[in-house]
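Participant: Please build the complete structure, drawing on both the sequences and the hints.
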Amino acid sequence: MDRFRDKTVLVTGACGTVGAELVRQLAPSAAAHIVCIDNNETELFFQIEHYRATGKVSGHLADIRDREALKLRMRGVDIVLHAAALKHVGLCEDSPAQAIATNIQGTQNVIDAAQKNGVERVIFTSSDKAVNPTNVMGTSKLMGERLMTAAAETTVNGHHIRARNAGTVFASTRFGNVLGSRGSVVPLFRRQIAAG
Numbered sequence: 001m002d003r004f005r006d007k008t009v010l011v012t013g014a015c016g017t018v019g020a021e022l023v024r025q026l027a028p029s030a031a032a033h034i035v036c037i038d039n040n041e042t043e044l045f046f047q048i049e050h051y052r053a054t055g056k057v058s059g060h061l062a063d064i065r066d067r068e069a070l071k072l073r074m075r076g077v078d079i080v081l082h083a084a085a086l087k088h089v090g091l092c093e094d095s096p097a098q099a100i101a102t103n104i105q106g107t108q109n110v111i112d113a114a115q116k117n118g119v120e121r122v123i124f125t126s127s128d129k130a131v132n133p134t135n136v137m138g139t140s141k142l143m144g145e146r147l148m149t150a151a152a153e154t155t156v157n158g159h160h161i162r163a164r165n166a167g168t169v170f171a172s173t174r175f176g177n178v179l180g181s182r183g184s185v186v187p188l189f190r191r192q193i194a195a196g
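Our numbering numbers the first residue of the sequence shown as 1 and each following residue consecutively.
Since the hints were derived computationally from the structure, they do not count as laboratory data. No false leads were slipped in.
Below are the SDA-like pairs computed for lysine to any residue, each with C-alpha atoms no more than 25 Å apart in a straight line:
| # | residue 1 | residue 2 |
| --- | --- | --- |
| 1 | K56 | D2 |
| 2 | K71 | T42 |
| 3 | K71 | H60 |
| 4 | K56 | R75 |
| 5 | K7 | P28 |
| 6 | K116 | D63 |
| 7 | K116 | G167 |
| 8 | K116 | S58 |
| 9 | K7 | H60 |
| 10 | K71 | L44 |
| 11 | K56 | A27 |
| 12 | K71 | N40 |
| 13 | K71 | E43 |
| 14 | K7 | I123 |
| 15 | K7 | R121 |
| 16 | K116 | T168 |
| 17 | K71 | G55 |
| 18 | K56 | F46 |
| 19 | K116 | G76 |
| 20 | K56 | V18 |
| 21 | K116 | L147 |
| 22 | K7 | S29 |
| 23 | K7 | R75 |
| 24 | K7 | T54 |
| 25 | K116 | D78 |
| 26 | K71 | Q98 |
| 27 | K56 | R3 |
| 28 | K7 | L61 |
| 29 | K7 | R67 |
| 30 | K116 | A62 |
| 31 | K71 | R3 |
| 32 | K116 | H33 |
| 33 | K71 | R5 |
Just the calculated beta-carbon pair ranges, DEER-fashion:
| # | residue 1 | residue 2 | range |
| --- | --- | --- | --- |
| 34 | G90 | D2 | 37 to 47 Å |
| 35 | K71 | A32 | 13 to 23 Å |
| 36 | E93 | E153 | 28 to 38 Å |
| 37 | R5 | A53 | 13 to 23 Å |
| 38 | E120 | A195 | 48 to 58 Å |
| 39 | D94 | I48 | 30 to 40 Å |
| 40 | R5 | G118 | 16 to 26 Å |
From the three backbone atoms N, C-alpha and C, an ideal C-beta is built for every residue, glycine too.
Facilitator: Right, dumping it as structure tokens:
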């Protein structure tokens with residue numbers, strides 16, 4: 001956690017399973033300030049209350065679909081951990097436009113806001129479903145990865161190269177099924193095993 005020493009870290013989707021765990025891990029770290037962004041008013045309220053005593057966690061009701069709100073909230077931010085997403089495969093299949101607006105356009109909004117504010121580093125949390133995707137959710141997460149890759153590259157004489165030391169560093173990480181998350185297949189497997 002030394003990479004976060006004296007840094008202001010913004011977590012999108014701060015009330016989701018992954019985002020909340022990131023905040024939980026960051027709270028006792030040497031990070032100077034943790035900015036929580038989520039569109040879930042109730043969970044955000046409780047999260048802010050839970051970490052109030054640390055004096056370094058703030059929360060803001062915002063949606064990654066709102067580019068201007070992101071630009072405002074990223075002022076003075078050093079590191080962005082982008083965990084906001086629509087993750088339920090069935091719901092993304094039923095509402096593909098919503099999945100695209102959040103998982104693709106929302107990710108582009110995070111990239112744009114980070115570049116505008118000179119953020120040092122953006123880490124995108126993707127999904128194992130982005131590997132050879134067969135559904136809207138997996139495809140939208142793969143597109144998010146591609147957007148991050150494109151933001152990390154620059155063109156010199158017609159050749160794409162990594163833009164080291166040329167501004168914001170962009171990276172992606174893929175998660176499998178996250179233990180303890182709502183909607184994970186792990187509880188389903190446990191129920192099936194118990195039922196024989």
